Amino acid sequence: MGMLGKLIGSICVLALATLPAPAQETDLQRIADALDVSTIKTFQFTANGRSYSLGQNTSPAAPWPRQFVKSLTRVYDFTTGAMRDEWVRMDGESETVGSEQRAVHLVSGDHAWREVGKDTEQRLFEAPDWGHQIVVSPHGLLRAAFANNASVTKKMVEGREMRVISFTDRGKHKVVAYANDQNAIERVESSYGHPVVGDIRVVTTYGPYRDFAGVKFPTKIIQYQDDKPTLDVTVTAVRANPPVDIQVPAFIISDPVPVKTEKAADGVWYLTGVRAYTVLIEMKDYLIVVEAPHGERRSMAVMAEAKKLVPNKPIKYLINTHHHFDHASGLRTYAAEGITIVTHEINRPYFERAAVNSWNLAPDRLAKSKKKPVFQSMGDNMVLTDGTRSVELYQVVGSPHHDGIIMAYLRKEKLLIEADVFTPGPAGAEPPKVPSPAAVNLEANVRRLNLDVDRILPIHGRIVPYGDLLAAIGKKPAPAKK
Numbered sequence: 007m008g009m010l011g012k013l014i015g016s017i018c019v020l021a022l023a024t025l026p027a028p029a030q031e032t033d034l035q036r037i038a039d040a041l042d043v044s045t046i047k048t049f050q051f052t053a054n055g056r057s058y059s060l061g062q063n064t065s066p067a068a069p070w071p072r073q074f075v076k077s078l079t080r081v082y083d084f085t086t087g088a089m090r091d092e093w094v095r096m097d098g099e100s101e102t103v104g105s106e107q108r109a110v111h112l113v114s115g116d117h118a119w120r121e122v123g124k125d126t127e128q129r130l131f132e133a134p135d136w137g138h139q140i141v142v143s144p145h146g147l148l149r150a151a152f153a154n155n156a157s158v159t160k161k162m163v164e165g166r167e168m169r170v171i172s173f174t175d176r177g178k179h180k181v182v183a184y185a186n187d188q189n190a191i192e193r194v195e196s197s198y199g200h201p202v203v204g205d206i207r208v209v210t211t212y213g214p215y216r217d218f219a220g221v222k223f224p225t226k227i228i229q230y231q232d233d234k235p236t237l238d239v240t241v242t243a244v245r246a247n248p249p250v251d252i253q254v255p256a257f258i259i260s261d262p263v264p265v266k267t268e269k270a271a272d273g274v275w276y277l278t279g280v281r282a283y284t285v286l287i288e289m290k291d292y293l294i295v296v297e298a299p300h301g302e303r304r305s306m307a308v309m310a311e312a313k314k315l316v317p318n319k320p321i322k323y324l325i326n327t328h329h330h331f332d333h334a335s336g337l338r339t340y341a342a343e344g345i346t347i348v349t350h351e352i353n354r355p356y357f358e359r360a361a362v363n364s365w366n367l368a369p370d371r372l373a374k375s376k377k378k379p380v381f382q383s384m385g386d387n388m389v390l391t392d393g394t395r396s397v398e399l400y401q402v403v404g405s406p407h408h409d410g411i412i413m414a415y416l417r418k419e420k421l422l423i424e425a426d427v428f429t430p431g432p433a434g435a436e437p438p439k440v441p442s443p444a445a446v447n448l449e450a451n452v453r454r455l456n457l458d459v460d461r462i463l464p465i466h467g468r469i470v471p472y473g474d475l476l477a478a479i480g481k482k483p484a485p486a487k488k
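For reference, each letter of the sequence shown is one residue, going 7 to 488 in the numbering used here.
Since the hints were derived computationally from the structure, they do not count as laboratory data. This one's a predicted model, so the numbers in the text were calculated from it and none came from an experiment. C-beta atoms are modelled at their ideal positions from N, C-alpha and C, and glycine is treated no differently. Careful: at least some of the hints might be erroneous.
Listed below are the simulated PhoX-like cross-link pairs for lysine-lysine, each with C-alpha atoms no more than 20 Å apart in a straight line [what the hints assert, rightly or not]:
no.	residue 1	residue 2
1	K234	K180
2	K178	K374
3	K269	K314
4	K420	K269
5	K322	K290
6	K420	K290
7	K322	K234
8	K481	K439
9	K266	K314
10	K266	K290
11	K269	K418
12	K269	K234
13	K180	K161
14	K160	K180
15	K420	K482
FRET-style restraints, in silico, Cβ to Cβ [unchecked claim]:
no.	residue 1	residue 2	range
16	G213	P432	38 to 44 Å
17	K266	P438	25 to 31 Å
18	V182	K420	25 to 31 Å
Using the sequences provided together with the hints, build the complete structure.
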């Protein structure tokens, strides 16, 4: 047995001991030795190029939106299963390149969080994706291959003999990797369980390897998820065994799925706690929930809070504002309870295809129940009413954010519920110098529909008076048309 088996823990040693054929161990060890896997506990690379926001497209059929990556610094800690990404990016979809946006993404085990400026926010639904990046990295892949008793076979690919490394990591990540005759990982075909689409297909290719001051690493990384590009970067620098200290924030450990309740009106509650929020509406005999973000654990916590607030009424409808993954990742939990999912008609086929996808790597409550989700789709508008209260649903027509995004309006309370198209800044903050096109479009839709709005309940941000939207787009308050 090579040095790697001795250094990566007792689990790996046991896995190595059970390899069915000595030749397989030799091939795997040779590939690992080419990257000095046995001596590398942490790793860092810096790159630039393009990234694409997974699950944030303007419609389910559109590409993931593009950003220009001025700098990506990614650090792995293979000993703890943690990763840190420091991004400096600019919007790549607008006609003119925007200002730099800086953010730090971190994952450790099942916990994911993001740091933007002085703020730290939990990102429950992104832990599977970010954790998968560790497993499909060249060093992480080989460590996982040893730990999971990988098979190694030979296969001719486009006239070249490749070693094919196959394994499933902890039942969560399915991996097939291809190594060339130089013992370099060229291509990784993998999948992991995503809370919106199920077992999502990932293809990662690693371009020509070079020697970075004694450290071998690819110069190009290209990745696709769900058959759409997510990353295309050129590596400019690497560092083996840098100091790394990635600690899950204490507030996430102490309260991993927080739900905080704010009463917005009689029978209307604003449920916060994690960055994307939920609104609970009480009807005569049932409840309506607007938005299901952040995955199954969050949805279960919201359901429990709804039962506490209104113990004798069931949830009948879940309103999904749009298909974006941060907003739809907890949708299936409601479907598992037989709750009808209301969404725009362009989103429904996407969710229905996801329902029949494979859900083997992270089966959720709906997959385990084998129930068929119930959808009710809408076009321009829909009204949910029980004769005492009405919830009016409208498409935000012409929104640059999403082609089928929905807003909800409570006429009696003069409340508008919207997602993403207007996110209020902190209290006392100055309005943006350049109005958001999505916010401008929202205000135009409110005028078009002649809605008399007193307050906005945004899915991101905080409850604000309607005047805050007007201030954000440089308008003065004006009464609704008679």
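Numbered hints the structure breaks, given as an ascending list: The structure conflicts with hints 7, 10, 12 and 18, although it agrees with all the remaining ones.
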